[in-house]
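Visitor: Taking the hints into account, I'd like the entire structure generated from these sequences.
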Amino acid sequence: MKRRTLIAGAGFAAGAAAVAGLWRYTGLLRHYAPSPYDDLLEQLNDRDQAALLGRQVVGAPDARMMAQELRTRIGKGGLGAAAMADITADRMTEVDGWILPQSVGQLAVLAAKH
Amino acid sequence: MSAFIDARTIPSGTTQTPDLAIIGGGPAGIALAMALADSKLKILLLESGGMNFDPAVQKMYAGSQTGYEPLDGDRLRYLGGGTNHWGGWCRPMDESDFEVRDWVPSSGWPFGRAALEPYYPRAQSLVEAGAWAYDQGGNALATRHGPILPLGKGGVYTSWFQFSKMRGDVLPTQFGHRYEQDLRAQANLTVWLNANVTGIRLAANGTSVDHLDVATLNGRQFTVKPRYTVLACGGIENARLLLVSNDVVKPGIGNAADLVGRYFADNPIPRDVATLVVFGGRLAPYYRDNQDMGHGAILRATFAPSDTWRRQARVAGSLTTVEQTVVLDDVGKAAVATTAAALGVDASSAQAWSLGCGLELIPDPDRRVTLAPEKDALGLPRLKLANSISDEDFARYRHTLAELGRQLLASKAGMLRINCTTRDEWMKNMDWGHHHLGTTRMHDDPRRGVVNSNAMVHGVANLYVAGSSVFPSYSASNPTLNLIALTLRLADYLKAVMA
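Going down the list, the protein sequences come from chains A and B.
Letter by letter, the first sequence follows residues 9 to 122 in my numbering.
Letter by letter, the second sequence follows residues 757 to 1255 in my numbering.
If you're looking for bench data, these hints aren't it; they were derived computationally from the structure.
Predicted model, so just to flag it, every value in this text is computed and none were measured.
Note that the Cβ used here is the ideal one computed from N, Cα and C, for glycine as well.
Possibly wrong hints are sitting among the right ones.
Claimed, not checked - Sample of chain B residues lacking proximity to chain A, with all beta carbon distances greater than 10 Å (derived):
#, residue
1, Lys796
2, Pro811
3, Gly823
4, Trp888
5, Asn895
6, Pro1007
7, Ser1062
8, Leu1127
9, Pro1129
10, Asp1180
11, Tyr1249
Claimed, not checked - Each computed DSS-like pair below joins lysine-lysine, with the alpha-carbon atoms no more than 27 Å apart:
#, chain 1, residue 1, chain 2, residue 2
12, B, Lys909, A, Lys121
13, B, Lys1006, A, Lys84
14, B, Lys1131, B, Lys1006
15, B, Lys1184, B, Lys1089
16, B, Lys909, A, Lys84
Claimed, not checked - Computed footprint of chain B on chain A, listed as stretches where at least three residues anywhere in the stretch have a Cβ under 8 Å from a Cβ of chain B:
#, segment
17, 42-55
18, 91-98
Guide: Dropping the structure here:
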């Protein structure tokens, strides 16, 4: 094998590893198909983790209704404030046994759908 | 000096006439005898066993059961009774345990916790659980050993168990051995060992005890004619002796309303009911194990529903404890990551523990002991126990767990997963407290109770019952400390009426 080919191959492998690492560990390069709920889903720190949680919800909640409700609840205060408001008002939901603020549970369901 | 006599050596036909006969030498019987040490009463304590385990004596407990453990496997029939194998867990009952709760059928004591308050200090001393440190006292001691897990405002709070000794390999107080010398030193007391009461014989009009039939496994038979009798042989045997003593009153003594043996209960202890995640990863050691806090107090934290919330949310008593660390599955990790991020909390060091629980059952008349056709070595009918847990019992506890989960999130300290939904899941890791409760329940109305608020069997003026069989509703707290306090109250009452 020519030296030039070897260097190019090693460089390609290193580049691929770096890209894979960025994808796996930072989420920077992850791409999601556009959805009508991106304004909500961007509240999530890690959509893949939320989606894994959301997939545990049985049944098929109406995403549009849920999103509408979430937009009202999240408003300008963001997810953190909405979650705390849920907790204070005892608006809780259970996903795979986990006791969650309703807004977190609903966002997880949206993440799982999109 | 009192006499400890092996009844197997007493000639048949002997008759004793004490002021008071105590049937049973468990914690109630021993506490009662000791509480009456300063009285002028001549007391005879009749213990079926000896000083140590004897398989032949133990076998008299054998019976049949459904939904429960073998009847000769979870009791001990020798001096000290159940304290010969107890775990030493102590906690006074809560105020709401005594209340009539319209969401708990057949609940309510004829008096409140205030009636037992004067007796708790002496009971605490007898179980050797150190300084009284439940609730706020525990909080003060605990903070030196690590922070209490913050819970947001709500229905569940950190409460405390205290332990009868149990330091390293030190066992909890076994009343028979621990108090043997005290009993021997008690001048007004005689203890008959290996003496089985086989019948409580009423006078012909059925309103008072005339005498007790006593027998030994080597064939001796005696008569005891006491002025007063206290039945203190445990939550199952108390009912058995009343039921078998049916020669004068056909359904058995105190059983005119068909209540003797009904409303049996125990504290179910389902394990791994929930997973507790602490975002910061640290949990003070007293949540995970018994901790010596000084002042002789060994404490362990438990999550308890407050009285106020129990009334508001209509739940029963429960005491939830931390068991062991667990590893979360991928969904669990996703739940923690998503929720902690939403709350703005760092959960990179999060740790998880499984939770277990002691539950208070809803009183149920169909949970009961009845006489079986089989007989024991002395000819007494054996018992048949029908035990069960309703779905409602689990549902109410689930509500409490959900509230704990909400409060953990409110404080941003952690979160909780409820691991059990179906009946099979609840029953999968089910243990029992071996706390036998309720079979001679207390109520001032003879149609609703076997004994009145002074523990006197309705209609039988000189017969009383001591122990947890009189608990009309049960609490999630372990019964030993509470039944001893109740027995000390009975001792005061007997001192007054027998003087």
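Visitor: With reference to the structure, classify each hint as holding or not holding.
Guide: Verification of the hints:
For B/Lys796, the requirement that its beta carbon stay farther than 10 Å from each beta carbon of chain A is met, with the minimum near 60 Å. Every beta carbon of chain A lies more than 10 Å from that of B/Pro811, the smallest distance being close to 45 Å; the non-interface claim holds. Against the 10 Å criterion, B/Gly823 stays outside the reach of chain A, whose nearest CB is about 26 Å from its own CB. Every C-beta of chain A lies more than 10 Å from that of B/Trp888, the closest at about 34 Å, which supports listing it as non-interface.
Under the 10 Å C-beta cut-off, the non-interface status given to B/Asn895 relative to chain A holds; the minimum distance is some 24 Å. No Cβ of chain A approaches the Cβ of B/Pro1007 within 10 Å, the least distance being about 47 Å, so the stated non-interface status holds. No Cβ of chain A comes within 10 Å of the Cβ of B/Ser1062; the nearest lies about 16 Å off, and the non-interface call holds. Taking the minimum C-beta to C-beta distance to chain A, about 44 Å, the non-interface status of B/Leu1127 holds against the 10 Å cut.
No Cβ of chain A approaches the Cβ of B/Pro1129 within 10 Å, the least distance being about 46 Å, so the stated non-interface status holds. Against chain A, the non-interface label of B/Asp1180 holds: every CB pair exceeds 10 Å, the least being about 15 Å. Remark: the non-interface label on B/Tyr1249 is consistent with the geometry, its nearest Cβ contact in chain A lying 46 Å away (cut-off 10 Å). In summary, the hint linking B/Lys909 to A/Lys121 is not supported, as the alpha carbons are separated by about 34 Å, beyond the 27 Å threshold.
Between B/Lys1006 and A/Lys84, the direct Cα distance comes to roughly 76 Å. Violation of the 27 Å bound is thereby established for this hinted pair. Taking the CA atoms of B/Lys1131 and B/Lys1006, the gap is about 19 Å. The hint holds against a cut of 27 Å. Simply put, B/Lys1184 and B/Lys1089 have alpha-carbon atoms about 24 Å apart, close enough for the 27 Å limit, and the pair holds. A distance of roughly 26 Å separates the Cα atoms of B/Lys909 and A/Lys84; the hinted pair therefore holds under the 27 Å criterion.
Interface restraint, the segment 42-55 of chain A with chain B: holds (4 residues with C-beta to C-beta distance below 8 Å; minimum three). With 5 residues bearing a CB less than 8 Å from a CB of chain B, the segment 91-98 of chain A meets the requirement of three and the coverage assertion stands.
Checked against the numbered hints above, the structure violates hints 12 and 13; every other hint is satisfied.
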